[in-house]
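Engineer: Take the given structure of chain A and dock chain B to it, following the hints.
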Amino acid sequence: MVSPIYILILSLAVGFLLSILDKGGRRLSLTAFYGVLTFNVAVVADWLYRFVFHHVPNLVINTAGFKAPISINLELGVTEAFVLLFANLTGLLAAVYLFRKFKESQVSSLILYLLLIMGVNGLVMTRDLFNMFVFLEILSISTFALTALTRNLKTLSSGFKYMIAGGVASTFFLLGVVFVYYFTGSLNLGFLDAGQFTGVSLIALFMLSVAVFIELKPFPANGWVLDVYQSVDSGIVSVIAVVNSAAVGFVFYKIMPLMPQNFLTVFGIAGVVTFFFSNMMGLKQENAKRLLGYSSVGQMGLLMAVLVFTANAPTNIRYLIIGGLFFNHLFSKAGLFWLAGIVKQEKTRDWTVLRNNKLLLVLFGLFIFALSGLPPFPGFWAKWEFVKVLVDAKMFFVLTSVLVGSLFELIFLFRWFTITVKEDNSELEPMASPHGSMVLPASVFGLLGSVAAFAVMKYFYGFGWLQVLPIGAVLFFYLTDFLPAKVKGFLSLGAIAGYGYCIYPLIESNIQLFFGAIFIVGSAVNLISTLNRKNQSRGFYGFLLMMIFSFGNLLIATSYLEFFLSWEFMTIASFLLILRGRKAQKASLMYMIFSTAGAYLLMAGFGFAPAPASASALILAIESVNLPLISIIVLAIGFMIKSGSLGVHIWLPEAHAEAESDVSSFISAILLKAGVFGLMMVAISYVSHAPSFDVFYWIGWIGVLTALAGAFMASFQEDAKRLLAYSSMSQVGYIVAALALITHLGWVSALYLVFNHMMFKSALFIAVAGIYYRTHTRTMYKMGGLISKMPWTFMTVLMCIIAVSGVPPLSGFGGKWLTYTAFITKGWYLQAGVLFFASGVSFLYLYRLIHTIFLGQLKYEHQEVREAPVWFIIPQFIFLGAIMAISMFPSLIIKPLNVIAMRYFDSSIQIEGLTIISDLGYWNGNLIMYVTMGVFAVPFILLLLVKGKTQKVKQFNIVYSAERPESPQTTHVAHNMYAHYRKALGSWTVPRVEAFWSGVSEWAHAFGGFFRRVYTGNGQTYVLYIIMYIVVIYAVMGVQ
Amino acid sequence: MISSYTLILGIALLIIGFYAMLTRKNLIKMVIGFSIADTGTHIIIVSLGYLRGKTAPIIDQAVSAVNAVQKVVDPIPSALVLTAIVIGLAVTAVMLSFIVEMYRKNKSLSIDDYQELKW
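Here the protein sequences come in this chain order: A and B.
The first sequence: position 821 = 821 (our numbering), numbered continuously.
If you want our numbering, it's the 1-based position in the second sequence plus 10000.
Just so you know, these hints were derived from the structure itself, not from any lab.
It is possible that part of the hints are untrue.
Said to hold, decoys possible - Covered stretches of chain A (chain B as the covering partner; in silico rule of three or more C-beta atoms under 8 Å from a C-beta of chain B):
id : region
1  : 149–162
2  : 179–187
3  : 828–840
4  : 1008–1020
Positions of the beta carbon are idealized from the N, C-alpha and C atoms, including for glycine.
The following block holds chain A by itself, in its conformation from the complex:
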């Protein structure tokens, strides 16, 4: 049990001795140097261990043989120890990172570094205000001097700006300290309290607190720090951004109890403003380190806001929020700065060189994910709890700013990430292999961040292994990535089977079972198509399983958080899968942005929702939850983003089209259904607790319009996958509309459509995957006549488009019959009419799909094309078989769906044998099948009889009127096939939604570009900002 005072003593003593030790060789002085840094970590770690596990009381150290307030005293409690442990650890690791610099630099930099760390320790522990000033100055002076560790014009000028700004701030701090003493007669925090500050003495407190706040870099009085972050050596910057900020932030925390509420509120809001604007300005940044600077400043602002606005939260929640954000920022930001030093590329666009080094790339991804507040990293939990606290306190302005700011941050971080992973790097020189001492610190923090993530999950929230499983899958396949893809594919199939076996006992109701069939069984069948992958297909199966397990976990989630966690895991996994596509950089980014916006809405929506009373799965427990109107609206929008409703659908065609072929089927057939599942959850609560405003009436309209718009857009596509993507959008529109009926028949038809769509869209996407695999093109008019080459695939497509279009005898007909019956019995005639029209439009694209690809002339370059590989054919025919089965015997599926919907409504249909009877009529799928077969057989036989008289049109039977067209493929009937319809629709086909969102993006960037002009680069202007900032804050707080 070593007293932490020795941290200060030893740092000082060794600091003074270093210049002597250095005479004996750098090895000696470096040993002493690293020895002290390690000693600091060990001492604090030991104390933290005692505080946490042995509950020893806070340690108070009196100096000079007197008790406070006669002497200065230091205090070490659990919070101090927590902050110091990570500050010292970062200090040590940054020093390791700087090892090669320290080996060659002057010994003075070692001394300065020790003093800096000592200043941090003193600042955190001291209880005396003037002593705080002294440590703050020790910290500042050593930091100023260290900015010039690499000496060039940029570091020097930014260092100078830093000093001038810091000098002004510390002048105010000093004045504040002295006036506090003048008015209260004490300098010791233990002898000061908020009650002592009234009237004029508030000015003293104001100066003190505003000076600390300026040191925390609020917008816009923070231009100097951005220059420092951009120019100074990465190792030192990591210390400034993380360790210094932690210490000063802790000082703010310590003097917070002295401040009256109006001070706190203003500081909190200033923090939120900083967070919002920094991230908005970050949008325009291209310099990697400056970008990190903007993000750091923003994070500190957030931390201040959190310190202020969580004051009334339960203690353990408050610690989780503050500690989570602090630690999250600490490890991810330090890690990213270290990577910046290794990459040595200024522009974010040039970070593609990182791809040469797999370990660094993984770390980069990890830090980016952590910083964006994605699970399982601590920032995620902190943000979740913080949102809840804000909702409970009704601080909607703060809530909105924090969420929008977070979204900005995610946008620039993920843009950077997708560039790094995908952008072409052939013109850049490969990155030199970094020295081990530079990689080690980042690796340690990567590991530590992951361990912390796991610890929060396991010990704070008590999640079981099922919730951790998605991550486990990634880890498992990361370690076994050397195996061939087929082996991993079969392993995955086995894992899915095992997973299904494990969660089956946890399933309590038919509705879970139904979605389980979609999510788990559907995924398993889809997975067969991935068995066609060649070589190792690195990094694929891990994320695939992560996504599938997360689907499953959605079903059995028992709390909002658990649901949301699985939801986010699902988003991450699907994002990474989409990103694998060759040109998927933009598509995946767009997917991530929309998904996260949706996720933030969910977070807010769940925040508004009262906790479910029962311990069963959320989809059941939600029945008894009375969701407030705002919660319903926000949640519904969040879920509808995921299901690609009109207005927020623009991510959908891109993501579907650009993802790898076998991934697209998962996204369309299964991922979209997760949105439906969520929406269903909201609807279930709505059934028994309908608010006065009829939300689902409007959701119904959105669904209807989505169905129509999707069908139209699908008709105008040349790209087969985009066509299918828009078709999915349209089909999910039907589902949403049917769900919104909130009637028994509506739900039966919605679920029926879900099931049907899952099967035929999987089969269609896999069919197109097979075609793409053979022809290497997705543009339909470049194909043709493939019926003779790929008859099996043709068969699937034919059957599926019959199933989609809703003509008898296949399952789609039943879906349409149920849907229209449901709409008509509800009385939504107009909606039914629009849907009917949309069904008509869907014939256009379905016809285009099958006609262009399979009929007509076989193209010359496709002479050698063969049937799709067997791994594509098998899942197609499994789905086809299922479609045939439910077409023949619809009661197979209608019966269970009837039971599911009966849980919420009285049944409105009867099932007699093979016949389903509704109020409007009856439907016997079996009979219809036989009738249609008969209808089909007659012309078929006739055609066979006249076959001899047909003449086959060959490639050169076409007459070009003595001229050769310039680009022959454009003369193909399928090229721009429905131009006339497009013309007829006129201005309706203008892509308004895309234009709207790109306008939003442009505006956000323009604002970011406008506001960052405040940072003129002139040190004097920055001083002016600081002084003006102080004046403004003074005025806003209304101190006398």
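Structural biologist: This is chain B only, laid out in the frame that chain A set:
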């Protein structure tokens, strides 16, 4: 009375110092401004601890340990100001050394010539 004069003097110096920092383009003049502001701060500190008719808080022939409480001004601000002066000196020194290096690299003492990093 004296204490309020010195207080006003200190505040005046502080304002003059900040004014210089905000208006002088020359780096060295900015540092001089900082130094003036710093001095102003020190004067403010000392004047706050001043008690009328009392002497310096140093125990010698004039002030014995026994009657010190009646005889001397508040010793705490005096102690603080010593530390503050030392710190101010150190900061000024570091600033000036930066200016020397900056001048060597860029041959300019105007703050306007160091705006390369911005936005």
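Engineer: So, for every hint listed, does it hold in this structure?
Structural biologist: Hints versus structure:
Taking a C-beta to C-beta cut-off of 8 Å, the region 149–162 of chain A contributes 10 residues in contact with chain B, enough for the three needed, and the coverage statement holds. Residues of the region 179–187 of chain A with a Cβ under 8 Å from some Cβ of chain B number 4, which satisfies the need for three, so the listed coverage holds. Restraint check on the region 828–840 of chain A versus chain B: 0 residues with Cβ-Cβ distances below 8 Å, three needed, restraint violated. With a cut-off of 8 Å between beta carbons, the region 1008–1020 of chain A has 8 residues touching chain B; three or more are needed, and the interface restraint holds.
Comparing the model with each numbered hint stated earlier shows that hint 3 is the single one that does not hold.
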